[in-house]
Amino acid sequence: MNLFKYFREEIIVALSRLNLPDGLDTGKVTAEPPREEAHGDVATNAAMVLSKPAGMKPRDLAEALAAQLRTHPAVTAVEIAGPGFINLRLVESFWAERLGDILRAGTTYGDSDMGGQRPINVEYVSANPTGPMHIGHARGAVIGDALASLLAKAGFAVSREYYINDAGAQVDVLARSIHLRYREALGEEIGDIPEGLYPGDYLKPAGAQLVTLHGDKYQTAPESEWLASFRLFAVDAMMDMIRDDLAALGVKHDVFTSERGLVESGRVDAALEFLAGLGQVYEGVLEPPKGKVLDDWEPRPQTLFRATAFGDDVDRPLKKSDGSWTYFASDIAYHLDKFRRGFPEMIDIWGADHGGYVKRMQAAVKAVSEGGGALDVKLCQMVNLMKGGQPFKMSKRAGTFVTLRDLVDQVGKDVVRFIMLTRKNDAHLDFDLDKVLEQSRDNPVFYVQYAHARCHSVLRHGVTALAGADLSAAALAAGPLARLTDPAELSVIKVLASWPRLVESAAEAHEPHRVAFYLNDVAAAFHGLWNKGKDDTQLRFLIEGDAELSLARMALVRAVADVIASGLAVFGVEPMEEMR
RNA sequence: GCGCCCUUAGCUCAGUUGGAUAGAGCAGCCGCCUUCUAAGCGGCAGGUCGUUGGUUCGAAUCCAACAGGGCGCGCCA
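In terms of full-length UniProt numbering, the first sequence opens at residue 1 and continues consecutively.
It is worth saying that the hints were derived from the structure and are not from the lab. Worth double-checking, as some hints may not be accurate.
Pairwise CB distance ranges (calculated) [stated by the list, open to error]:
| # | residue 1 | residue 2 | range |
| --- | --- | --- | --- |
| 1 | 314 | 392 | 37 to 43 Å |
| 2 | 457 | 27 | 46 to 52 Å |
| 3 | 89 | 474 | 28 to 34 Å |
| 4 | 545 | 390 | 51 to 57 Å |
| 5 | 22 | 128 | 58 to 64 Å |
| 6 | 13 | 465 | 42 to 48 Å |
| 7 | 534 | 9 | 47 to 53 Å |
Pairs of lysine to aspartate or glutamate residues, derived as DMTMM-like cross-links and limited to a Cα-Cα distance of at most 20 Å, are as follows [claimed, not checked]:
| # | residue 1 | residue 2 |
| --- | --- | --- |
| 8 | 435 | 409 |
| 9 | 57 | 37 |
| 10 | 424 | 376 |
| 11 | 217 | 188 |
| 12 | 366 | 269 |
| 13 | 320 | 111 |
| 14 | 424 | 414 |
| 15 | 204 | 189 |
| 16 | 5 | 111 |
| 17 | 532 | 37 |
| 18 | 534 | 546 |
| 19 | 359 | 376 |
| 20 | 534 | 544 |
| 21 | 5 | 101 |
| 22 | 204 | 406 |
| 23 | 320 | 287 |
| 24 | 366 | 273 |
| 25 | 319 | 298 |
| 26 | 494 | 97 |
Every residue gets a Cβ at the ideal spot worked out from N, C-alpha and C, and that includes glycine.
Hey, can you work out the whole structure from these sequences and the hints?
Below, the structure written as structure tokens:
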């Protein structure tokens, strides 16, 4: 239950009982947590946004609405404040009920039906199949994966997809690079890897495998005899490696789509024919880009997409001079494919260096879906690797790692995942190899995990202290929750009870990082309550001689653990029950 | 030259889709362990929300212009 959504509905009901003009637009009415806790639990702007259309002074409208709201059984006080805010204070039993909700739901707390199981497509990673994944890929992978989980939690039917760019010139380069490794595996002295080929050692095993498959059959054969089959083999080998890397990071996809597959099955031709049928393809000559010197610029006719008709700055080429499709053309086909598979809503996660590509892709989606589809692109900024507060220079020669796999091996997948989500996608992120393993307040992974572990520590003590008591979630939910009356306890419950709202707003904004900040808030609230027990022994969780109160507090502690676990589940991070 | 992103405390960053007196952490200063993990907590101090206009009951948030930083700019993906 998103309690703010609930009270917004209640406010609109209350409004309908007032003598207001018919057809009043209540779309701008909000019910939100007030910034200041002292202002109450729920604040609404209704009187301010409706005063003009209702032809009333904000104050008068507020008085009338407040009178209605005072009759709500969960409302204990209504105040009018500032320019016309109405602040609601809720009865304590309302919060006890929310605590019960949490315990009954466990880690499914926060699940929402906001999405109504509407399909939504999230494409992420889509790293070129030419080598192992690097740190930069990891951020997009984690953001995409967590966003997909978040949307699923918010009630969308999510498809997680990976687009394999296996059709361009780069995979020919890959095939040639592997051919060289193949010759090397046959005993040839290959010397330095020539400029323009992929030098990485990771290609050696593939070369060796090709020897077991083919012997020396292609050692001196002309490229035309082996290129296609080596390319296929190489892409498969690289995708196996990437899938392993993704698995190490705990990232999963439902659908892998091959660009080459789209091209060879004629779906790119078909898509572009379709686009042409809509009148959005023409032969034309582009102006040279201004302000940028291109020495080899020659005006020439090209096959262009009329992207300017859909908000782009210039029309975009679809064919290369050799007649083959550009990457953009096959990407159009891929997005049309997604749309036709039933995804009017699509999200792509890209690196920030592809920012210049966003408008044209959105234009293409608009065109090809004939206005029925929408694409949101989340751009991921760079990750700066740090160590001990200093930039960490990666160097293969020095043996300092470069790959995602090495990073995961060094700090663990959960740490990588959590840290990648502690910043907005479009902000630079410092990833400090030392700090992320520190057990301190400024390491958010630790801080949140520690709160969860602390909860479990208390629960373990509760098992002993309350020997014989049933500490299952169901029993705790049915327990004497009304005993939780201290403001410090209630404020923790209030933080927990705001989780459903946070899930919905983060999902709506496509911003999984908000979950990280929320978890930090939950952890802080819990650590704070814990320490209050140091000053005031009456606030400790286990109170000797008052089993009832202790049970109620066990319920609160378990609910904190549940909500943290619920949030970490969105991130694909395992909650820890002990920190040792 | 054009487009997109960014600019909030000394540092790193949030800011609930336009709300009330702009918030955290770190660094600094002052406190809190005979106690369920002090691996933590509380307090003090710290601000022209890049600048200037505009929109309205109300702007860090929306619009315009400008400044600074980043990314990109016809057949790479």
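Structure-based check of each hint:
1. 314 <-> 392: 37 to 43 Å: For residue 392 against residue 314, whose Cβ atoms are near 40 Å apart, the range 37 to 43 Å holds.
2. 457 <-> 27: 46 to 52 Å: 47 Å, holds
3. 89 <-> 474: 28 to 34 Å: 30 Å, holds
4. 545 <-> 390: 51 to 57 Å: Given about 55 Å between the Cβ atoms, the range holds.
5. 22 <-> 128: 58 to 64 Å: Holds, since residue 22 and residue 128 (Cβ atoms, about 59 Å apart) stay within the stated range.
6. 13 <-> 465: 42 to 48 Å: 46 Å, holds
7. 534 <-> 9: 47 to 53 Å: 42 Å, violated
8. 435 <-> 409: 16 Å, holds
9. 57 <-> 37: Distance ~27 Å between residue 57 and residue 37 Cα, so the pair is violated.
10. 424 <-> 376: 15 Å, holds
11. 217 <-> 188: 14 Å, holds
12. 366 <-> 269: 19 Å, holds
13. 320 <-> 111: The hint is violated at about 48 Å.
14. 424 <-> 414: The hint holds at about 18 Å.
15. 204 <-> 189: Holds: residue 204 and residue 189 sit about 14 Å apart, inside 20 Å.
16. 5 <-> 111: 14 Å, holds
17. 532 <-> 37: Answer holds: residue 532 to residue 37 is near 18 Å, not above 20 Å.
18. 534 <-> 546: 18 Å, holds
19. 359 <-> 376: It holds: about 10 Å lies between the C-alpha atoms, which stays within 20 Å.
20. 534 <-> 544: Holds - the C-alpha atoms of residue 544 and residue 534 are around 15 Å apart, at most 20 Å.
21. 5 <-> 101: 16 Å, holds
22. 204 <-> 406: Given that 20 Å is the threshold and the Cα spacing comes to 18 Å, the pair holds.
23. 320 <-> 287: OK: residue 320 and residue 287 at ~17 Å, within 20 Å.
24. 366 <-> 273: 16 Å, holds
25. 319 <-> 298: Within the cut-off at roughly 16 Å; holds.
26. 494 <-> 97: The given pair, whose Cα atoms are some 11 Å apart, holds under the 20 Å limit.
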